[in-house]
Amino acid sequence: MAQVAVARPPEERRRRAQAWRSAAVRVGTVVLVLAALWGLWELYRWVWVTTGWTHPFPVNDITMPHLHTIFQALGQPSRVQGPLLISVLLDSAWFTAKEAAVGFLLGGVIGFFLACVLVHSRLLQRGFLPYIVASQTIPILAVAPMVVVWLKSGWQSVAVIAAYLTFFPVTINTLRGLQSADPRAHDLMRTYAANRWKVLWHLRVPASMPYLFTALKISATASVVGAIIGELPSSIQDGLGGAILNYNQYYSLQPQNLWATNLIAAALGITFFVVIVIAEKIVVRRAPVHVA
Amino acid sequence: MSVVKLEGLTKTFPRGNVTALQDITLSIEAGEFVSLIGPSGCGKSTLLRVVGDLVPPTAGTVEVNGKPAPRARADHDYGIVFQDSVLFDWRTVAKNVALPLELLGWDRARRKQRVDEMLRLVELTGFGDHHPWQLSGGMQMRVAIARALTFEPALLLMDEPFGALDEMTRERLNIELLEIWRRLGSTVVFVTHSISEAVFLSTRVVVMSPRPGRIAGIVDIDLPQPRTVDTREDPRFFELVTEVRELLRGVGADEHGSVLAEETA
Chain V
4 MAQVAVARPP
14 EERRRRAQAW
24 RSAAVRVGTV
34 VLVLAALWGL
44 WELYRWVWVT
54 TGWTHPFPVN
64 DITMPHLHTI
74 FQALGQPSRV
84 QGPLLISVLL
94 DSAWFTAKEA
104 AVGFLLGGVI
114 GFFLACVLVH
124 SRLLQRGFLP
134 YIVASQTIPI
144 LAVAPMVVVW
154 LKSGWQSVAV
164 IAAYLTFFPV
174 TINTLRGLQS
184 ADPRAHDLMR
194 TYAANRWKVL
204 WHLRVPASMP
214 YLFTALKISA
224 TASVVGAIIG
234 ELPSSIQDGL
244 GGAILNYNQY
254 YSLQPQNLWA
264 TNLIAAALGI
274 TFFVVIVIAE
284 KIVVRRAPVH
294 VA
Chain F
-15 MSVVKLEGLT
-5 KTFPRGNVTA
5 LQDITLSIEA
15 GEFVSLIGPS
25 GCGKSTLLRV
35 VGDLVPPTAG
45 TVEVNGKPAP
55 RARADHDYGI
65 VFQDSVLFDW
75 RTVAKNVALP
85 LELLGWDRAR
95 RKQRVDEMLR
105 LVELTGFGDH
115 HPWQLSGGMQ
125 MRVAIARALT
135 FEPALLLMDE
145 PFGALDEMTR
155 ERLNIELLEI
165 WRRLGSTVVF
175 VTHSISEAVF
185 LSTRVVVMSP
195 RPGRIAGIVD
205 IDLPQPRTVD
215 TREDPRFFEL
225 VTEVRELLRG
235 VGADEHGSVL
245 AEETA
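These protein sequence lines map, in sequence, to chains V and F.
All letters in the first sequence, in the order written, are residues 4 to 295 by our numbering.
All letters in the second sequence, in the order written, are residues -15 to 249 by our numbering.
Hints are computed from structural coordinates only; laboratory data are not their basis.
Just so it is clear, the structure is predicted and the values come from calculations on it, not from any experiment.
Just to be clear, a hint being listed does not mean it is correct.
What the hints assert, rightly or not - Pairwise CB distance ranges, derived in the manner of DEER restraints: (1) SER124/V <-> VAL39/F: 20 to 28 angstroms; (2) ARG17/V <-> THR109/F: 48 to 56 angstroms; (3) LYS101/V <-> ALA148/F: 49 to 57 angstroms; (4) LEU127/V <-> GLY50/F: 18 to 26 angstroms; (5) VAL120/V <-> LEU207/F: 55 to 63 angstroms; (6) LEU126/V <-> THR45/F: 48 to 56 angstroms; (7) VAL112/V <-> THR3/F: 26 to 34 angstroms.
Even glycine gets a Cβ: it sits at the ideal position worked out from N, Cα and C.
With the hints as extra help, turn the sequences into a complete structure.
And the structure:
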């Protein structure tokens, strides 16, 4: 291992070539999987349309539009003389993204602090954890109208609804992570006469980072779902939730618009997820086995 | 002055009603290198933990640097090294070594200067920016030793620090440790399950008996200082190894085997 400090040019070149190869393989895999999914969709359509099967549902241009019509719809005006569908949807996605991001940050911070408090008291854990778990058994569709009643309809109440879905995985995973440090590391901190704040800051919190990021990845996508659902009872028209409601009403005429909206919503969730993955790569410095 | 002073020390664990240590009286003077050796369950690791105030004694007194053990711990009078290096993965080597100094509130410039000195002492200059997992087991242990010594404690407690390393690395680290001990003039209490390691390193070897843990005998190691690779071939070295082994056999450690099978109790 002592050689790590010395960079060897040929080895360096070989490593770089290998990095390029593995990147190419990864991109190739993504393209292949997408092509395969596209193929499956069209194959299913073709089989059901040619045989006329009606189970589990009859296949036609309304129930399963061609994938290329969905993508074409993105490039066409959303209504007569109106802007392109893609630009309408991107505006909606941006609006929803802001709500989801605020909710995600709010939920993440609350969840993290809750875990930091709970880790110091078994009594508090026993007292509060059942209610924290119970909070997640109530469907978000039941919670959302209450939040709107309390906070008035607006993007703030949508953010709170997104936070409601975000904090739970963060609390549970961070709590586990704060407890994950080696008992001898705690002994070591004790020999330094470190108080609980120093133990929290120098040992527990850094040890919890891999757990925290696992939770943030779950929460990132959940916050987008929370924001979209939260827009419905708030009757907010500017986000993806509004767009979904709107295009749902015109589904029998233009089914590809709803499909295109779902596509953009999925892309937004993936974007949130990828941002967390990148942040994790920067923040979490661990032995390679742990990073995987 | 005694750096470690134990009087009538007894430790029982309520669970299973185990008496780990019974009536231990021992005094360790400044500058000594004392090894604790004994078969499985003799409580030598527990003894070290009591000295470090990681577990409280059931009866008797423990003084470190002339103070009660909890006071000595609060005053950072000792550094400790465990069997595993217990380095923090998320910190670089330099930041691991700097950890106790950060907790003591040293400023950045002073920390850096001391860390550089310590890395030089354990011959890891140039590895400060590496992360622990990039180092071999022996190098990780040297980082742990540097971390234990950064704040210049009077006492160094070592709990089977080289137990997990291969024979060659262990012998090299033994010589390096003695070098550091000589240069810093600190006092070392060293728990080991290797007879030859105990004899090679120590000025005194404390042989302990199991269930309940008691001191079975103390062997003064009169081998000349500084110890070198030749020390291991000195006839006196073999005599002392035999003496310690006889004592261990007397306390029911049958042959080398069960002593080696010692676990950290």
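Status of the hints after comparison with the structure:
For the hinted restraint 20 to 28 angstroms between SER124/V and VAL39/F, the CB-CB distance of approximately 23 angstroms keeps it satisfied. Range check, ARG17/V to THR109/F: about 29 angstroms between beta-carbon atoms, so the 48 to 56 angstroms window is missed. A C-beta distance of roughly 53 angstroms is found between LYS101/V and ALA148/F, which places it inside the suggested range of 49 to 57 angstroms. A beta carbon spacing of about 41 angstroms between LEU127/V and GLY50/F contradicts the range 18 to 26 angstroms that was offered as a hint.
In this structure the hint that VAL120/V and LEU207/F lie 55 to 63 angstroms apart at CB holds, the actual value being about 56 angstroms. Judged by the Cβ atoms, the range 48 to 56 angstroms given for LEU126/V and THR45/F is violated: they are separated by roughly 34 angstroms. Here the CB-CB span from VAL112/V to THR3/F is close to 50 angstroms, at odds with the stated 26 to 34 angstroms.
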